[in-house]
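**Student:** Start from the sequences and build out the full structure, keeping to the hints where you can.
Residue numbers (the working numbering), protein chains in the order written: chain G, 50 to 289; chain P, 219 to 524; chain W, 48 to 337.
Hints were generated in silico from the structure; no laboratory data involved. Glycine residues also receive a C-beta, built at the ideal position from the N, C-alpha and C atoms. Heads up, none of these hints are tricks.
Here are the simulated distance ranges between beta carbons:
hint : chain 1 : residue 1 : chain 2 : residue 2 : range
1    : P       : L349      : W       : Q225      : 56 to 62 Å
2    : G       : E53       : W       : S212      : 52 to 58 Å
3    : W       : A165      : P       : V303      : 37 to 43 Å
4    : G       : Q237      : P       : A307      : 48 to 54 Å
5    : G       : A185      : P       : R411      : 27 to 33 Å
6    : G       : E53       : P       : A505      : 54 to 60 Å
7    : G       : G271      : W       : G234      : 39 to 45 Å
8    : G       : K284      : W       : R239      : 35 to 41 Å
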Amino acid sequence: MRVETLLEVQDVTKRFGGFQALGAVNLHVRQGERFGLIGPNGSGKTTLINCISGTLKTDAGRIVFAGQEITGLPAHRRTRLGIARSFQIPKPFVSMTVLQNLMIPVEYSGRGHGDGVVDEAMGILEMMGLAAKAHAPSAALTQIEMRKLELARAMAARPRLLVSDEAMAGLSSAEVDDILAILFELNQRGITIIMIEHIMRAVMRFSERIAVLDAGEKIAEGAPDEILANPRVEKAYLGE
Amino acid sequence: MTVLVAGVVAARLGVNQYYYFAAYVVLQYIVLATAWNILGGYTGYVNFGTPAFFALGAYTAIVLIKSVKAPLAAQLVAGAAVAGVLGFAIGYLTLRLRGVFFSIATLALAVVLQTMFINWDYAGGARGITLARPAVGPLGASYVEFLFVVMLGLAVVAVATARWIEGSWIGRGLAAIRDNEEAAECMGVPTLRLKLVATTVSGVLMGLAGAPFPYYLTFVEPTSVFDLNYAVNSLAMPMIGGSTTWIGPVIGAVLLGTAQQVAMVTISSALNLLLVGLILVAFVILAPEGIVGLVQRLARRRGGGA
Amino acid sequence: MFSLDLLLNALVAGILLGGFYAVVSLGISIAFGLLDIVNIAHPVFVMLGSYVAYILNAQLGFDPVLTGVLFAPVFYGLGLLLYQIYYASFERRGAESLRGLVFFFGILFVVEVSLLLAFGVDYRLVEASYIGESLRIGPVGIAYRLLVPCLIGMALTGALYLFLSRTFFGRAIQAVSQDAFALRLMGADPIRIKRLAFGIAIATASLAGALLIMIGPVEPAMNREYIGRVFAVAVLGGMGSVGGTLVAALILGIVESLTATFSGPSWSVAVSFGVLLLVLAVRPAGLFGR
Numbered sequence: 050m051r052v053e054t055l056l057e058v059q060d061v062t063k064r065f066g067g068f069q070a071l072g073a074v075n076l077h078v079r080q081g082e083r084f085g086l087i088g089p090n091g092s093g094k095t096t097l098i099n100c101i102s103g104t105l106k107t108d109a110g111r112i113v114f115a116g117q118e119i120t121g122l123p124a125h126r127r128t129r130l131g132i133a134r135s136f137q138i139p140k141p142f143v144s145m146t147v148l149q150n151l152m153i154p155v156e157y158s159g160r161g162h163g164d165g166v167v168d169e170a171m172g173i174l175e176m177m178g179l180a181a182k183a184h185a186p187s188a189a190l191t192q193i194e195m196r197k198l199e200l201a202r203a204m205a206a207r208p209r210l211l212v213s214d215e216a217m218a219g220l221s222s223a224e225v226d227d228i229l230a231i232l233f234e235l236n237q238r239g240i241t242i243i244m245i246e247h248i249m250r251a252v253m254r255f256s257e258r259i260a261v262l263d264a265g266e267k268i269a270e271g272a273p274d275e276i277l278a279n280p281r282v283e284k285a286y287l288g289e
Numbered sequence: 219m220t221v222l223v224a225g226v227v228a229a230r231l232g233v234n235q236y237y238y239f240a241a242y243v244v245l246q247y248i249v250l251a252t253a254w255n256i257l258g259g260y261t262g263y264v265n266f267g268t269p270a271f272f273a274l275g276a277y278t279a280i281v282l283i284k285s286v287k288a289p290l291a292a293q294l295v296a297g298a299a300v301a302g303v304l305g306f307a308i309g310y311l312t313l314r315l316r317g318v319f320f321s322i323a324t325l326a327l328a329v330v331l332q333t334m335f336i337n338w339d340y341a342g343g344a345r346g347i348t349l350a351r352p353a354v355g356p357l358g359a360s361y362v363e364f365l366f367v368v369m370l371g372l373a374v375v376a377v378a379t380a381r382w383i384e385g386s387w388i389g390r391g392l393a394a395i396r397d398n399e400e401a402a403e404c405m406g407v408p409t410l411r412l413k414l415v416a417t418t419v420s421g422v423l424m425g426l427a428g429a430p431f432p433y434y435l436t437f438v439e440p441t442s443v444f445d446l447n448y449a450v451n452s453l454a455m456p457m458i459g460g461s462t463t464w465i466g467p468v469i470g471a472v473l474l475g476t477a478q479q480v481a482m483v484t485i486s487s488a489l490n491l492l493l494v495g496l497i498l499v500a501f502v503i504l505a506p507e508g509i510v511g512l513v514q515r516l517a518r519r520r521g522g523g524a
Numbered sequence: 048m049f050s051l052d053l054l055l056n057a058l059v060a061g062i063l064l065g066g067f068y069a070v071v072s073l074g075i076s077i078a079f080g081l082l083d084i085v086n087i088a089h090p091v092f093v094m095l096g097s098y099v100a101y102i103l104n105a106q107l108g109f110d111p112v113l114t115g116v117l118f119a120p121v122f123y124g125l126g127l128l129l130y131q132i133y134y135a136s137f138e139r140r141g142a143e144s145l146r147g148l149v150f151f152f153g154i155l156f157v158v159e160v161s162l163l164l165a166f167g168v169d170y171r172l173v174e175a176s177y178i179g180e181s182l183r184i185g186p187v188g189i190a191y192r193l194l195v196p197c198l199i200g201m202a203l204t205g206a207l208y209l210f211l212s213r214t215f216f217g218r219a220i221q222a223v224s225q226d227a228f229a230l231r232l233m234g235a236d237p238i239r240i241k242r243l244a245f246g247i248a249i250a251t252a253s254l255a256g257a258l259l260i261m262i263g264p265v266e267p268a269m270n271r272e273y274i275g276r277v278f279a280v281a282v283l284g285g286m287g288s289v290g291g292t293l294v295a296a297l298i299l300g301i302v303e304s305l306t307a308t309f310s311g312p313s314w315s316v317a318v319s320f321g322v323l324l325l326v327l328a329v330r331p332a333g334l335f336g337r
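**Tutor:** Laid out in structure tokens, this is it:
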């Protein structure tokens, strides 16, 4: 696997009124990498993801994806380029069935609106283990099924980069392993994955490299055991 | 097609003229309700300014009649085009903002346009304008019957358009926007573009509904065109009928429209409006999916239940 | 035809009008700015306040301001009820904002048409000893019917500002928009707080209505003109900032007054719409927004 940079975040800053959510954050993620992003609540992880996916506009800094500057692009264009994300709080399209939910990203991520759409959507559902619920209303799914649907939707966009935003929060141990297995499988298929999680054992097992955010700044970056041993990280989580 | 033929046949039956007027109004509401619903029910953006688009269609027709005595076909096309442009413009200005600001803008639009037309003497100003309607339509029957057939045709066009959109990829995209715009955007749905399509199509259809209005009434003044009727009905009919599918606005328009036509001879128009408003509030609170939703729920209970 | 006198008078009228706009907009500033409830029916409640003041003035000779204050508790109760319905039907279910918006439109409509049925389309006004008189300072005429609402408006704004920043409930209201969870930890029920806040918002409509009918004759359809104005003020001022609301209202009042004087009164309604669009395009957080 070529070791080239897929995503570069340069000096990204984001303010909400007087509050600075991100202050000149720098990151780079390599092609095919499993990258973990952690930090205490409110440290800016989701804000950073929103900036990367295009949901939010940055106040300063650049974002470069696969060598292309994407800083000004709207979210749906970034999706077409290959960035996908799942949402922390699942946001299914409640008026649609599970299958229909999946058809949206399949259709709209540049693959057109022809006949293959349903087949492709079903294929993804099978991979996620949701095929049996294809025609169920998406609002009636269980927690873990909803998380899988979130991931499925992100997958349907055939991304090169997938950001999984706390996909495991509130799940049982077995369910966490379930999701983890899916993420490993996706990475095997060549998808670069950024995982945001609070469940430490998952992040430590999954990630090749981890970055730590605190109060909008990156305070540490490195391999999992380096991070575990880093006193600054400990302080950020446990306080003084 | 069959609907149109049936309509023409009915027209030639030479029933009491009054029924043509009443049916015309109901058909007009089918168009307005369907048009509203494309943006409201399908996409989730509430337009409070239906009168603005309707009036634009009507006044464009008036201008054409006064200046060049244009035929109805030209009036229709022009009215639709102008209203469509307005829809696009207001969309372009406000759809990047939160949905509520779009809605407020449509409200303001209606007020501003009304002021404009009140001050525009060429089209009659506050006093209104009287127009001569051709006596006979191209099919040989009276012009009123002809207008009825035209409106019938427009209703068919509107419903067909809504039906097509609903089943197409555009409709799916609009539904995604309605359910969760942020998620839709992240999944590759070009939300702004689709919303603009919806606003423009909605505007075009409303303009189409308004264009025959001058010939229908032969007297047009701002108060009648900007009547509260249009604002509330174009909203209430889809919400009461059911806003997620094309048949909801039709049901709502037929039920409410006919009821109002009947009621108008017995109760005052203000009381009539009050009732519509109350029914609307009741439905929004208690039966948000409308009549269609209630029927679906009933069917599900019968079909799969105990 | 431009003259300094005209300009001066227009400016002063604008300031006075602005003070009044602040009162009308306070309700929206709370409901929309702090609670994120798009109550487009607020102006029609102001109209209701106007008509209440009219009745009591015509039948019993009550001063409108007195009526406005007297009926504030009634309107407060109305606000509590309205919020309860809104909450039970929409907020709790997490339903799309489409329905909430349509709900308030329905309420707006029902109230407007009810007023129409009860009072007809004729303009109604109130009589009081000071209406119709004015104060002259140099070339500038200050009509009492504008001055009184403006002063009361400023007073109410000040009172609300103190309430929001100094009392427990006031601070809780400001907090509920930002962190309902933390509020629960403090033992306060966010729903109760929101209901109280909404009640206050509608209560201001009572006084605002009384002031409105003092400024000029009213008729039911006027509420729609005000929707644009109050939202323009709320957004320009920065959502939820009481001080911002006052400043924004003054600005809007002045711009409208100048437009009315130099371009004709019928265009003044378009002004608020223009201001709203401009603010949203350039600086959506408003002047003092968070």
